[in-house]
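The listed protein sequences derive, respectively, from chains H and V.
With the first letter of the first sequence counted as 1, position 127 gets the number 127 in the UniProt record's numbering; the numbers rise by one all the way through.
With the first letter of the second sequence counted as 1, position 514 gets the number 514 in the UniProt record's numbering; the numbers rise by one all the way through.
These aren't lab readings, by the way, just hints derived from the structure by calculation.
Among the hints, erroneous ones may be present.
As the list claims (entries may be wrong) - Simulated crosslink set (BS3-like; lysine-lysine; CA at most 27 Å straight-line):
(1) V:Lys130 to V:Lys172
(2) H:Lys279 to H:Lys249
(3) H:Lys239 to V:Lys172
(4) V:Lys130 to H:Lys211
(5) H:Lys226 to H:Lys239
(6) H:Lys222 to V:Lys172
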Amino acid sequence: MLGSSSVSYAIALSALTFISSEIVEGSRPVLQRTIESLFSDRSETVYPDACKWLRSSPRQTKICNRDPGMEETIDVAKNQAISSCEDAFRYDKWNCSLVFNNKPKRNIFNKIYRETAFIFALTAASLSHAIAKGCASGSLVKCSCLNSFGKNTVKEWKTAGCGDDFRYGKRITRNFLDFKHAGNDQIADTLKQNVLVGVEAVGEQLREVCKCHGFSGSCTTKTCWKRLPPFSSAMGLLKKQYHHAVKKKIVNYTTKRAITPKVRKRIRKDRKSLVYLQKTPNLCVSTVGRPCRDRQNCATLCCGRGYNKYQRAVDSRCNCKMLNCCFVKCDTCRENVDFYECK
Amino acid sequence: MTGTIIENLSGRKLAVLVSFLLLCQVACFLIGGLVAPMPANAQNILGTVCRDTATEKNDTSTWFYNRGKGACKTVDLGDFNQLFTEHDIVFAFQMPVPRESMTLDYSRWQQNLIGVLQVDIRYHSQMEVKPRSIITVDARLAYRNKGDPDDAWKLYTQSVEKRHLDCDIDIKTEEYLYNCSAIPLFELGSLYHDYYLLNVRLPVDAPGMNANIGHIQDMWLTVINQNGGFTKVWVSLKTVFFPCIVAIIVWFWNRVHMLERKPVLLEKMLLSLGIALCLLNMPLEYLTLQFDLPFMLLLGDIRQGVFYATLFSFWLVFAGEHMLIQDTTAQSSLKQYWRHLSAVAMGCISLFIFDMCERGVQLRNPFYSIWVTDLGTNLALTFIVLAGISTCIYFLFLCYMVWKVFVNISHKRATLPTMCSVRRLHYEGIIYRFKFLMLATLLCAALTVIGFILGQVAEGQWKWDENIELEYTSAFFTGVYGMWNVYIFALLVLYAPSHKRWPAAENTSDSQNLSEEIEFSPLPSETASEISSLTSFIRKTNVD
Numbered sequence: 001m002l003g004s005s006s007v008s009y010a011i012a013l014s015a016l017t018f019i020s021s022e023i024v025e026g027s028r029p030v031l032q033r034t035i036e037s038l039f040s041d042r043s044e045t046v047y048p049d050a051c052k053w054l055r056s057s058p059r060q061t062k063i064c065n066r067d068p069g070m071e072e073t074i075d076v077a078k079n080q081a082i083s084s085c086e087d088a089f090r091y092d093k094w095n096c097s098l099v100f101n102n103k104p105k106r107n108i109f110n111k112i113y114r115e116t117a118f119i120f121a122l123t124a125a126s127l128s129h130a131i132a133k134g135c136a137s138g139s140l141v142k143c144s145c146l147n148s149f150g151k152n153t154v155k156e157w158k159t160a161g162c163g164d165d166f167r168y169g170k171r172i173t174r175n176f177l178d179f180k181h182a183g184n185d186q187i188a189d190t191l192k193q194n195v196l197v198g199v200e201a202v203g204e205q206l207r208e209v210c211k212c213h214g215f216s217g218s219c220t221t222k223t224c225w226k227r228l229p230p231f232s233s234a235m236g237l238l239k240k241q242y243h244h245a246v247k248k249k250i251v252n253y254t255t256k257r258a259i260t261p262k263v264r265k266r267i268r269k270d271r272k273s274l275v276y277l278q279k280t281p282n283l284c285v286s287t288v289g290r291p292c293r294d295r296q297n298c299a300t301l302c303c304g305r306g307y308n309k310y311q312r313a314v315d316s317r318c319n320c321k322m323l324n325c326c327f328v329k330c331d332t333c334r335e336n337v338d339f340y341e342c343k
Numbered sequence: 001m002t003g004t005i006i007e008n009l010s011g012r013k014l015a016v017l018v019s020f021l022l023l024c025q026v027a028c029f030l031i032g033g034l035v036a037p038m039p040a041n042a043q044n045i046l047g048t049v050c051r052d053t054a055t056e057k058n059d060t061s062t063w064f065y066n067r068g069k070g071a072c073k074t075v076d077l078g079d080f081n082q083l084f085t086e087h088d089i090v091f092a093f094q095m096p097v098p099r100e101s102m103t104l105d106y107s108r109w110q111q112n113l114i115g116v117l118q119v120d121i122r123y124h125s126q127m128e129v130k131p132r133s134i135i136t137v138d139a140r141l142a143y144r145n146k147g148d149p150d151d152a153w154k155l156y157t158q159s160v161e162k163r164h165l166d167c168d169i170d171i172k173t174e175e176y177l178y179n180c181s182a183i184p185l186f187e188l189g190s191l192y193h194d195y196y197l198l199n200v201r202l203p204v205d206a207p208g209m210n211a212n213i214g215h216i217q218d219m220w221l222t223v224i225n226q227n228g229g230f231t232k233v234w235v236s237l238k239t240v241f242f243p244c245i246v247a248i249i250v251w252f253w254n255r256v257h258m259l260e261r262k263p264v265l266l267e268k269m270l271l272s273l274g275i276a277l278c279l280l281n282m283p284l285e286y287l288t289l290q291f292d293l294p295f296m297l298l299l300g301d302i303r304q305g306v307f308y309a310t311l312f313s314f315w316l317v318f319a320g321e322h323m324l325i326q327d328t329t330a331q332s333s334l335k336q337y338w339r340h341l342s343a344v345a346m347g348c349i350s351l352f353i354f355d356m357c358e359r360g361v362q363l364r365n366p367f368y369s370i371w372v373t374d375l376g377t378n379l380a381l382t383f384i385v386l387a388g389i390s391t392c393i394y395f396l397f398l399c400y401m402v403w404k405v406f407v408n409i410s411h412k413r414a415t416l417p418t419m420c421s422v423r424r425l426h427y428e429g430i431i432y433r434f435k436f437l438m439l440a441t442l443l444c445a446a447l448t449v450i451g452f453i454l455g456q457v458a459e460g461q462w463k464w465d466e467n468i469e470l471e472y473t474s475a476f477f478t479g480v481y482g483m484w485n486v487y488i489f490a491l492l493v494l495y496a497p498s499h500k501r502w503p504a505a506e507n508t509s510d511s512q513n514l515s516e517e518i519e520f521s522p523l524p525s526e527t528a529s530e531i532s533s534l535t536s537f538i539r540k541t542n543v544d
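All chains, full assembly: derive it from the sequences and hints.
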């Protein structure tokens, strides 16, 4: 699938940027195409057929058809990724926009910027999280027990139980993004690593909970399980990763130099962080008119141009009372709030 | 004069027997590690938020579930603008959840079901959840069987329960969730039906009820059940052990009755130990495959408790019988040991009361927990502390007694060189074997403790290479279980009365051993009762 383009990467290094920006639809790996279309779609409409809308590969169509709940899950994953990104980056120079500095030509998917790396990680994390949640709620019915691969599931479940849902989510995410056919050039390696970092961000937040149920309820028998974290805590970790992303030089992959132990050690260390290849352009142009949070935030966000401060009366919820489990009863209060906006 | 088998068994035969028993022990460990899966399985279920449109909420014939015909209308709790009240919200958990596009059902081999509730509470700056606030849960459990229509849920049990909710939060930002501790919700002693359904409501009937628990975003239920494969291995072990132990008890008791004397205390204790083990070994689990027996958890606890109590009492009596009891003329009986045994009785009774308060009440209401109310917590803690104290007293006392026995033996050893060689060798042999058995007991106890600690520290699975995976937790259970069976089997065999008579040469002494003959001639009171020669040996020295 990627044969032609990977050869071209090898031939001319300079052509790399050109190729990746002018990729012909269909010749791109599923991994890139899927994440791009998932993250680019900001409309609120719920597609009846998420997989078709993705222009999915045959493999993806198969995954979707196998499980009626899959489309809804993908939709959940998409919305979760976008909304949590917008929330987390509201006061950053890059605010989860798809283009840099409002220039349509500067699409973040054209090259692998720090932001692109982050989006790959975020979308993959969201996907694996949503699938694990779908398995737990029963909306996905195709979830497998990982310890019984290829065996009679019902029988196996009765004898040995079932593995945890997040491992299944991880596997389906890899399958869905078609890791095997993502290619093995530098771009593919970088993107794959970012995806794995994203999925691991959720995995690291899994918390083990145990229950003792032995003799008289003592801990002679103890059963533990992994509790799926809320997506927001994985998001917090990912944002840290975003700030600590590592830039890599573009290398010609066909002439791989011998990997010395020192290099290998560095590679192994780098494998845990997000990786990008191109420097993000200066985003100061785009922050004109953006709201900022406070004095300190405004100083960085407005790139030293200064900011306007004004007051506005805002209706907000106040004196909230927890009437019951699931609802909050609040009064509406009107108060003057300081607003900051970049010049 | 006859002794027990252990005294008359040749070293070679003993070695064969011990190595055979060790092989059995290793086999038990490996069966658990290689054949059996993990003892229990946990499944996480995310609650579906259903909307109850009915006006009458106490109706237990309407059920809310998310799969199958008649599934409920789901609502989004994140949306504040919906027109419904808290009374309309039902969290539905349908178990088991489907896998591989197949509707799973519980098998009776899975034995029991334990439910643990976890709530995801979203942080709101204006309503912080206080630590240790109380959540009131209206929980209703229903069941359905294979072949029933999708909506034919029948009420299993229903209860309104209070639970403590311990929550904390690291980053106080909206969007973030509290870290809340898991809430044990129910324990079913039998898994008789195929499908279960839990409907949870959070009632607000009284002022202040459920008022301080924040904004619940999601509710998770983790259900733990025993693995069918583990039950099969466990029950098969029991099925094998049960007839073996019964047979050896019959053999043992026959042997005791063939003697002209009445059974002595040690033999009675051995018999009761064997019976207690039989009780534990009895594969009653087969009955659960046919009948609904919710009391199996409680019964299992009681069976184990009886076994441990007998084992502990046996050790005490065993040590005591090999010590100098002042009143040597009378047959020793259990009454002499009442002070020693009171610690065991105390521990057992307090644990039994605790168990009845928790699992006993759970027979009536599976949602019940003694730990919820302050009074209950204090009561439970009192009993547990009491049991702990009695265990400590018991072990201190046992150590003291064993130490005394060893002091006695070493004391008597000093006089051994003055005896004739045949006799000396024999007594040295007895002492050696007594110490050997003492060592075996210590080894068993130590292995149990070490195995338990290893299990707590290590991960569940040990990998030797790519293909061999050892399921440690199961291996520990079957290993320990097999070990105590083997141990008691060995005791019954080795401490059965021997029919071998001592070689005539030993008793017909030359004139130079005459003094010793007098010394070692049986005590008048013992002529009728043939007690183990070691006991008599020590007693005699005491009389001297």
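(message) Flag every earlier hint the structure violates by its number, smallest first.
(response) 6
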